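**Q** Take a look at the letters that make up each chain.
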Amino acid sequence: MKKNIIPAIRLTLVCFVFFSGIYTLVVLGAAQFTANKGKGDVVVSNGKTYFANLGQKFTNDKYFYSRPSAVDYNAAAAGASNKGPSNPEYLKTVQTRIDTFLVHNPGIKKEAIPSDLVTSSGSGLDPDISVPAARVQVKRIAAIRGIGGGNLEQLILSNTEKPLLGLFGTEKINVLKLNIALDNLK
Amino acid sequence: MNTEMSGMILMYALTVVLAIPLGRYIGKVYNNDKTWLDRIFNPVDKIFYRLSGIDPLKEMNWKQHLVALLTINLFWFLLCMFVLMNMSWLPLNPDKNPSMTADLAFNTAISFISNTNLQHYSGETGMSYFGQLTVMLFQFISAGCGMAIAATVFFAMREKTTEKLGNFYFLFVRSCTRILFPAALIVAFFLLFNGTPMTFAGKDTITTLQGDTVQVSRGPAAAFVPIKHLGTNGGGFFGSNSAHPFENPNYFTNIVEMVTQMLIPIAMIFALGYILKRRKLALMILGVMTVGFMLLLVPTVVGEIHGNPAIAKMGIGQTMGNMEGKEVRIGSAASAYWSIATTVISTGSVNAMHDSFMPLGGMNQMLGMMVNCFYGGVGVGFLNFFVFIILAVFISGLMVGRTPEFLGKKIEAREMKIAMIIALLHPLLILTGTAISSYLYAHHPGTYTGWLSNPGYHGFSEMLYEFSSSSANNGSEFSGLNGNTPFWNIADGVVMLLSRYLPIIGPVAIAGSLAAKKYVPESAGTLKTDTATFGLMVFAVIAIVAALSFFPALALGPIAEYFSLY
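Residue numbers (the numbering used here), protein chains in the order written: chain A, 58 to 243; chain B, 968 to 1533.
Treat the hints as calculated values from the structure; they're not laboratory data. Hints should not be assumed to be uniformly reliable.
Said to hold, decoys possible - Derived list of chain A stretches under chain B, where covered just means 3 residues or more per stretch with a C-beta under 8 angstroms from a C-beta of chain B:
| no. | stretch |
| --- | --- |
| 1 | 60-68 |
| 2 | 101-114 |
| 3 | 123-137 |
| 4 | 148-156 |
| 5 | 159-165 |
| 6 | 171-184 |
| 7 | 202-213 |
Nothing here was measured: the structure is a model prediction, and the numbers come from that model. For glycine and all other residues, C-beta sits at the position ideal for the given N, C-alpha and C.
All chains should be modelled from the sequences, with the hints used to inform the complete structure.
**A** This is the structure we're talking about:
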């Protein structure tokens, strides 16, 4: 034991310098070659900067809603509801979300609401919604903004992100980019 | 949905395809055979040895290996405690996050040195960047430590009759510099160019399109995330781990992170085949592990893509499956796949919240941790499997009336006793822990109500999951459990400590004692251990010892919840 103590301490310190220091600096150096120098992907619109893959809260009826969030899209304390599937309180919350959605979207049938619009995400910062989740909101937004439904369908189509290589994963829409495009639609 | 299925197949195929050459490479690294990275790492390693005053060629017996391992781990614990409790004044703390309390630091330090990475804090608010870089160090070296000790056991299995099993520091340094470090760099580049932040700037403040003001936590995440997966550590940079869009920005990074966490556990089995020159034995082990993995995987995926029956009753569509606690860019199938992968190997990172899975999915996650050797964590997963091999050799030896021998060594009472103790330690820790916490919760309703955020069966599952995760050195959680209380910090800490080091000491002692025994050449009377029949036997032992001891507890939690829902 005794003769292992000094080598153990010295080896740990060498590892500290190498893995916490040198490794970190190499990655940090490589980060300077990325688009935003490692400060996160951003989109700029009308002079304002947003994080591209960080979801934002959209509850205003003139925008496409983003998904419910257990942390209200607080990007300094991400988190989820952690509710179990049989929790009565949780199921009541989902029911309330469905009812609220129907009030704000008259003329929409319950069956048309996809579950991602009434369940909260894992991070509470989900940037995306599914394509049906965007479609089901077209009628409301068309009425409020006075834009033809066809234009909105077109907007959804052009903002749909296909699965990876068209083969792997989900089809989705980045809500922030969709709403920026919506604001720019004149 | 079909593209979600093909995504899962791609992930598994990529893992195996990459693990084969990596396994060969790992075998060469431990054997000290020539590899093409020697030109870079021979000098690097030399600096490590010189600065630490280590002679890497000095052979050690199994006891010396363990002493070296335990000594260095003790120092890691002290160092980690010190940093975590003093982060507020140490450098690199732009967000002015506080130091940890003693009980939380105790839990976190053990959690990181034991390769568990259970986190009762959130990275955004509970860690400075200096703290993050420190725990990142432990993600490297705790993994390297597990791999080194697995290599020691490989050597012990290979040698005819010897006490000398290589040098611990040699195996440890090589694991870190030649395997984990280059792989982490590659993964870091993938993440960087897909939007994972790498900066020492503090929080940013932005105004959203709708007009809200939000603060955005950032940090050196692109360096941190690769090693959390490669080393099957699983500690997230941010609180929501790989569900966070910064840690896991898109489906491509999800594939990368998934493949990298399963890669080394599988490659270690191929390395075993290379080092022992027993390919069939490696395939038998891999076969048993894969069958176990698939048996847990398929029902979980099916459950998630069909969604929650209670929500189906409300009359809405669930084409994406059960989306509570999941991200749209990942989807329910890849989340289910990840949840089983991360629990059978001991990563414990999550890309969806396990608390919100369907009951049987949650049960399979727990079973993955209760068995804890279907692939298993880097290095230690094999050690757990090794214990089951020993048990299976003994039982099948008795059944067919042959002397129990494994690789030409007689298995006797001493080895069997150690194997049984290690095999039963895991259920003991999990079930005793859950029993105590359930008792406290039920008998002191006022004091401990804050622990759980779900009632009934699911609440019980939260506690059972917590102890399973601690004891399996996994680190994932049913996060509805409020872990940052003195009870959970200390109880989990003690469980993680025992379940990390005893299951290292036990198998190494068995392997060391077998290695020193007289070699008995194989004859017609030898029980063949590299056949499918023997694989079945190992599987049966695992099912009986590990799974059945947990059945009563599972019946009270996820199984009961299943019947209340469907």
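**Q** Take the hints in turn and mark each one as holding or not.
**A** Status of each hint after checking the structure:
1. 60-68: This one holds; 8 residues, not fewer than the three required, reach chain B with a Cβ under 8 angstroms.
2. 101-114: It holds, with 11 qualifying residues against the three required.
3. 123-137: holds (count 9)
4. 148-156: Since 4 is at least three, the answer is holds.
5. 159-165: Since 0 is below three, the answer is violated.
6. 171-184: Per the Cβ count (13), the hint holds.
7. 202-213: violated (count 0)
The structure fails hints 5 and 7 (numbered hints given earlier, in ascending order).
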